[in-house]
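K.L.:
Each chain is listed here by its residues.
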Amino acid sequence: GIQVEQSPPDLILQEGANSTLRCNFSDSVNNLQWFHQNPWGQLINLFYIPSGTKQNGRLSATTVATERYSLLYISSSQTTDSGVYFCAVLSGGYQKVTFGTGTKLQVIP
Amino acid sequence: GAVVSQHPSWVICKSGTSVKIECRSLDFQATTMFWYRQFPKQSLMLMATSNEGSKATYEQGVEKDKFLINHASLTLSTLTVTSAHPEDSSFYICSARVGLAGAYNEQFFGPGTRLTVL
Chain Y
51 GIQVEQSPPD LILQEGANST LRCNFSDSVN NLQWFHQNPW GQLINLFYIP
101 SGTKQNGRLS ATTVATERYS LLYISSSQTT DSGVYFCAVL SGGYQKVTFG
151 TGTKLQVIP
Chain S
152 GAVVSQHPSW VICKSGTSVK IECRSLDFQA TTMFWYRQFP KQSLMLMATS
202 NEGSKATYEQ GVEKDKFLIN HASLTLSTLT VTSAHPEDSS FYICSARVGL
252 AGAYNEQFFG PGTRLTVL
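In order, the protein sequences belong to chains Y and S. The first sequence begins at 51 in the numbering used here and counts up one residue at a time. The second sequence begins at 152 in the numbering used here and counts up one residue at a time.
Be aware that one or more of the hints could be misleading.
To be verified - Rough simulated footprint, nothing fancy, chain S against chain Y, three-plus residues with beta-carbon under 8 Å:
hint: 1; segment: 88–100
hint: 2; segment: 146–159
Unchecked claim - Straight line, CA to CA, 25 Å or less: simulated SDA-like cross-link-like pairs of lysine to any residue:
hint: 3; chain 1: S; residue 1: K192; chain 2: Y; residue 2: T130
hint: 4; chain 1: S; residue 1: K206; chain 2: S; residue 2: Q193
hint: 5; chain 1: S; residue 1: K192; chain 2: Y; residue 2: S101
hint: 6; chain 1: Y; residue 1: K146; chain 2: S; residue 2: V268
hint: 7; chain 1: S; residue 1: K192; chain 2: Y; residue 2: Q156
hint: 8; chain 1: Y; residue 1: K146; chain 2: S; residue 2: A153
hint: 9; chain 1: S; residue 1: K192; chain 2: Y; residue 2: Q64
These are computed hints drawn from the structure, not numbers from a lab. Everything numeric in this text was worked out from a predicted model, so none of it was measured. Ideal Cβ placement from N, Cα and C applies to all residues, glycine included.
Between the sequences and the hints, there should be enough to build the whole structure, so can you do that?
P.N.:
The following block contains the structure:
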């Protein structure tokens, strides 16, 4: 099946810093989403982005489907950005959803 | 819009009992719902895909008789963990996909259910 790898696995940032999270996938996908999982476990939708670039406030995402990767940019990070970020892809004839390995982000004051 | 609820949010039960978890799409109809399992410090693993009015499709390694899924309406799917054992303790999360079955649309997630089996 498709492999979805995220990097880095862990990231510690000073408040106000910028960061780039990466999601690599091993096969073509039908769609891609980015999520933020808060400390209580809730998955919050950030972007639905099968291709192209989108921006929402301090966050933006770019997916280059032909090169099989997606990037999530976080600018001017805040402590509330802490948590785990996942990408998830939909692929194959059976439309299976596969989550990435996750990036754990900690933003310190 | 696109709100998904789950109930209960947490449950503690004795080994050998069965536990039912409900997943509801509150403001949209979901022909397809998904059930995931997440162990501590790990990613989400898809357990099964549930389509309204038909049998669920289980992922390899997931026991159909242990994890019973029912998607009886366009807004409700249930997961029943039968004869639960301590190794079934985990965080169970459901999601619902907006749009028609087979469409490559966005998923929205419930808040999850933390199951602890003593």
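K.L.:
For the pair we were handed, Y:K146 and S:A153, check the Cα-Cα distance against 25 Å.
P.N.:
21 Å, holds
K.L.:
Please verify the coverage claim for the segment 146–159 of chain Y: does it have three or more residues whose C-beta sits within 8 Å of some C-beta in chain S?
P.N.:
The restraint on the segment 146–159 of chain Y holds, since 7 of its residues have a Cβ under 8 Å from chain S and three suffice.
K.L.:
Confirm or reject the coverage of the segment 88–100 of chain Y by chain S under the rule of 3 or more residues with a beta carbon closer than 8 Å to the chain's beta carbons.
P.N.:
Check passed, 7 qualifying residues.
K.L.:
With the threshold set at 25 Å, check whether the alpha-carbon distance from Y:K146 to S:V268 stays at or below it.
P.N.:
Distance of about 29 Å is beyond 25 Å: violated.
K.L.:
Are S:K192 and Y:S101 close enough, with their CA atoms no more than 25 Å apart?
P.N.:
29 Å, violated
K.L.:
Next pair to validate is S:K192 with Y:T130; report whether the Cα-Cα distance is within 25 Å.
P.N.:
19 Å, holds
K.L.:
Please verify whether S:K192 and Y:Q156 have alpha carbons no more than 25 Å apart.
P.N.:
14 Å, holds
K.L.:
Has the given pair, S:K206 with S:Q193, been kept, meaning a C-alpha gap of at most 25 Å?
P.N.:
28 Å, violated
K.L.:
Just to be careful, I want the Cα atoms of S:K192 and Y:Q64 compared with a cutoff of 25 Å; is the pair within it?
P.N.:
Given that 25 Å is the threshold and the Cα spacing comes to 23 Å, the pair holds.
When the structure is compared with the earlier hints, violations turn up for hints 4, 5, 6 and for no others.
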